[in-house]
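Trainee: In case you want the letters, here they are:
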Amino acid sequence: MLTIRQRLSYLFGSTKGLILVAVAMIGLETALFGMLSGPMAELGVRDWIVRSLGMQLLPAEREGRIIILYHTIAMGVIAIETYIITALLKMKTFLRTAVRTLITVGYLVAMISGMGFAYWGHNWALHGLYIAGLTLIFFAGVLLCIALWPWDRAYFVTTKAYAHTRNGVDLERVAFFTTALTTVISALFGAVPGAYFGNGFRVFLAENIIRLPEKTGFQYAVIGHLHIMLALIAIMLTLIIGRWLDFKGILHKIAMPLFILGTLVLNLGVWGVVTPLEPIAHMIIYVGATPAMLGALMLVIYGWDELIREGSQGFVKPNAIQKLRALLHDPLRFGPLWQMVFMNFTVSGVGIFVAVRLDEIFRQWPAREERLILTGHWHVLSGIIATIILLYYGDMIGLKGLVRRLYGWGVIVFSDLAFAAVTVYELKRLVVSESAQQSLVNTVLLLTDIGLGTVLVILALILVWRLLDLFRRQGRWAEEAQQSDPALEVKA
Amino acid sequence: MRHVQFSSICEMIPRLTWGLFCLLGLLGLSACRSSVAEASVLSVDTSIDPEAWVVIPAGPFLAGQFNDQVTLTHSYTIMVTDVTVEQYTRFLNQALADGFVKIEADQLVGFYPGDPFHGAKHEEAISPKNYPFVPLNDPASPFTFDGKIFAPRSGLSNHPMTNVSWFGAWGYCRYYGYRLPTGLEWEKAARGIDGRPYPWGWDLTKANANFYASGDPFEDMRTYGSGTTPVGFYNGETYAGFATLDSPSPYGLYDMAGNVWQWVSDITPGMHYRFMRGGSKDSYPPDLRVWVTNNATPSYYGPGTGFRCVREP
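Those sequence lines, one after another, are chains C and F.
Counting along the first sequence from 1, when you hit position 154 you're at 178 in this note's numbering, and nothing is skipped either side.
Counting along the second sequence from 1, when you hit position 212 you're at 410 in this note's numbering, and nothing is skipped either side.
These are calculated hints, taken from the structure and not from any lab test.
Glycine included, C-beta positions come from ideal geometry on N, C-alpha and C.
Wrong hints could be hidden among the right ones.
Quick list of in silico lysine-lysine cross-link-like pairs, DSS-like style, CA-CA up to 30 Å [as the list claims (entries may be wrong)]:
| id | chain 1 | residue 1 | chain 2 | residue 2 |
| --- | --- | --- | --- | --- |
| 1 | C | Lys114 | C | Lys184 |
| 2 | C | Lys452 | F | Lys404 |
| 3 | C | Lys239 | F | Lys404 |
| 4 | C | Lys114 | C | Lys277 |
| 5 | C | Lys515 | C | Lys114 |
| 6 | C | Lys277 | C | Lys341 |
| 7 | C | Lys347 | C | Lys184 |
| 8 | F | Lys319 | C | Lys452 |
| 9 | C | Lys347 | C | Lys452 |
Negatives, chain F to chain C, calculated, CB over 12 Å [what the hints assert, rightly or not]:
| id | residue |
| --- | --- |
| 10 | Thr275 |
| 11 | Leu334 |
| 12 | Arg372 |
| 13 | Pro415 |
From chain F, some residues computed to sit far from chain C (all C-beta separations above 10 Å) [stated by the list, open to error]:
| id | residue |
| --- | --- |
| 14 | Val239 |
| 15 | Asp296 |
| 16 | Gly381 |
| 17 | Ala411 |
Build out the structure end to end from the sequences listed, making use of the hints.
Mentor: Given below as structure tokens:
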């Protein structure tokens, strides 16, 4: 009994344990429900899964199922980010415990009961629990904002290497606070129309209504909500990576105001879609996105410069190849920053290209082709966010030597292979006609499957290793459970 | 030493990644080859008559994804199958001869009287002028043209006409005194009155319809991909070892899900796009649900888009 209690205490009481549970839950959910579409459906695996598990999948309820699926996965990711934030940043112990407790119960209840409701018949008790889970996560977000309050003197900066105001207010903490606060408000921005559409179960996927010339305020709110939530998850993760890499110096001082300004303007633009500002909302969003992305660029420059400096310390005057080797030496620290750069080719670049040439090119295609770009590019963004978390997690759990390199490069190379292939798939009509596309489609889908499949196998190996470790009396889990300083918990 | 070698390999990985991306680009270029039009097509007589029409009575039915109660106050007659290549090439020959259509550059065009323009965001004006009906030199087209006569490609005469724009579909119907169905007319004809998601009932199998990777004898996913099936192919018969289920709609229409998207007549104010229904040979199963719509500019044509007509009873 004591043994089980010790394990549970590790899994639900320590930062690394909580992250392990969340990664495992998301991994299991992705693996199971990923088999209901794509190549698994074509191979007949979907039918077997549906029959074996007794799922009840009515055709008219597909959109509702997918919306719950996306939300439950997103809640797991938000929980992971929250665990890391509450470990990395100073805050009152009570608030840290409260936030973690609420969000853990919240995402687990939302995930289990939400998926139960969506895929195994409409049991209304499960639906109620799903909503209750989401509500707990919302309150965790409110408490997190309170915990992050940056104008408390206890959190003022003590070293001038970090961005701060003249009074000493930590601007990085302001950036975290701003992102958390706008995330909570943007959650409400989705919850209100969600309650309206969900109440009558007249759900829709945003990508299916993009060409309608007239949209209701609630429809705009749903479209805005899904865009801003993913953007905020990405911005928060960028801030987390910055803290992990001890981002500081002049670039930090430039980047933090950019993040704060960018996040605020980005949110104002998105919220503006339900106001008379709607005609210029996109312009405001671009204005907000630019400084936020510039902030991320500062982090990349800082992080890579640090890697090069550390890795080439043995050389008096390192040449370009030595610098490149130093940069690529540690995939787990190089990777998250590289993924941010890579995102520009597969997400931001595609988005800007589509926006600029929308009427000339993309709106000349059938809506289903345009929808591929929309769904493809945000799936890629979600995937990139997941890989950055996995790379950080690999460092956090202390992967070393060969395993560290294999894990790191495996995640980077195979995920990027998949994301690049998906990008080609989305934009294939630029280079190939409908009637001649099959060879290209086969190739890119194969590369996508190889890429995603390998990343999932790598993740599965890590999870199995950690699962087996839990059966050892003095495994890594016991060591990790001993760590008492939250900030050290999320470091190797 | 081993560690050093491994480091070198690891450092090569990003370069290898870029190499793979370049390879992707090359594959894209090399993919611009084999198409369904170049493949030899199995000839199948389904015994479903493309000249047949059926009356859809006036009255209520359950429409859309959420089964809204809708009443159509008029009855109408609709074609049992999509317009076939045989029927459309016959039209082209007649219409070209009497001046209803004419050749302009590499396409066949016809006059369309235009739509009201509202100046909405992304809206393009559809003014009165000639618009493309079908392209003349597209290898994906299911017909041939020798400069004088249009004829179906070998084996495709009883396949649905494809590579036809909305204008081309509208023109065909108008030429014979018919019209394109509205979305609601199309949907009632497809699902009847009981709210079913598919024309034949409540579940979709590979034996019901032609969709992406559905395994019919007209598809080869390794080369040209998915091809159209002859109209009425899913009639319960077995062709080339492929057993179909008889899958008509409650009113006896065939191919109301899969095979080709079907143009409908709806014009939404502020929107120049035209809608299509039913999903196609290239669609994943969710797009075969009867309420799903697709849309495109009216001059768009593709190898997965066709139509059928309605007329007054």
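Trainee: Say whether it holds or is violated: F/Pro415 keeps its Cβ farther than 12 Å from all Cβ of chain C.
Mentor: holds, 16 Å
Trainee: Non-interface claim for F/Gly381: all C-beta distances to chain C beyond 10 Å?
Mentor: For F/Gly381, whose nearest Cβ neighbour in chain C is about 14 Å away, the distance exceeds 10 Å, so it holds.
Trainee: Is the Cβ of F/Val239 more than 10 Å away from each Cβ in chain C?
Mentor: It holds; F/Val239 is separated from chain C by about 13 Å at its closest Cβ, greater than 10 Å.
Trainee: Is F/Lys319 close enough to C/Lys452, meaning Cα to Cα at most 30 Å?
Mentor: holds, 26 Å
Trainee: For C/Lys452 and F/Lys404, compute the direct alpha-carbon distance and say whether it is at most 30 Å.
Mentor: Since the Cα atoms of C/Lys452 and F/Lys404 sit roughly 27 Å apart, the hinted pair holds (cutoff 30 Å).
Trainee: Holds or violated: are the alpha carbons of C/Lys239 and F/Lys404 at most 30 Å from each other?
Mentor: This hinted pair is violated, its Cα atoms lying about 36 Å apart.
Trainee: Please confirm whether F/Thr275 is truly not at the interface, meaning its C-beta sits more than 12 Å away from all C-beta atoms of chain C.
Mentor: For F/Thr275, whose nearest Cβ neighbour in chain C is about 28 Å away, the distance exceeds 12 Å, so it holds.
Trainee: Run the C-beta distances from F/Arg372 to all of chain C and say if the shortest one exceeds 12 Å.
Mentor: holds, 23 Å
Trainee: C/Lys277 and C/Lys341: Cα distance at most 30 Å?
Mentor: With Cα atoms ~28 Å apart, C/Lys277 and C/Lys341 stay inside 30 Å; holds.
Trainee: Against the 30 Å threshold, does the CA-CA distance of C/Lys114 and C/Lys184 hold or violate the hint?
Mentor: holds, 17 Å
Trainee: Is it the case that F/Leu334 keeps its Cβ farther than 12 Å from each residue Cβ in chain C?
Mentor: holds, 15 Å
Trainee: Given the hinted pair C/Lys114 and C/Lys277, is their Cα-Cα distance within 30 Å?
Mentor: holds, 20 Å
The structure does not agree with the numbered hints 3, 9, 17 stated previously, though it agrees with the rest.
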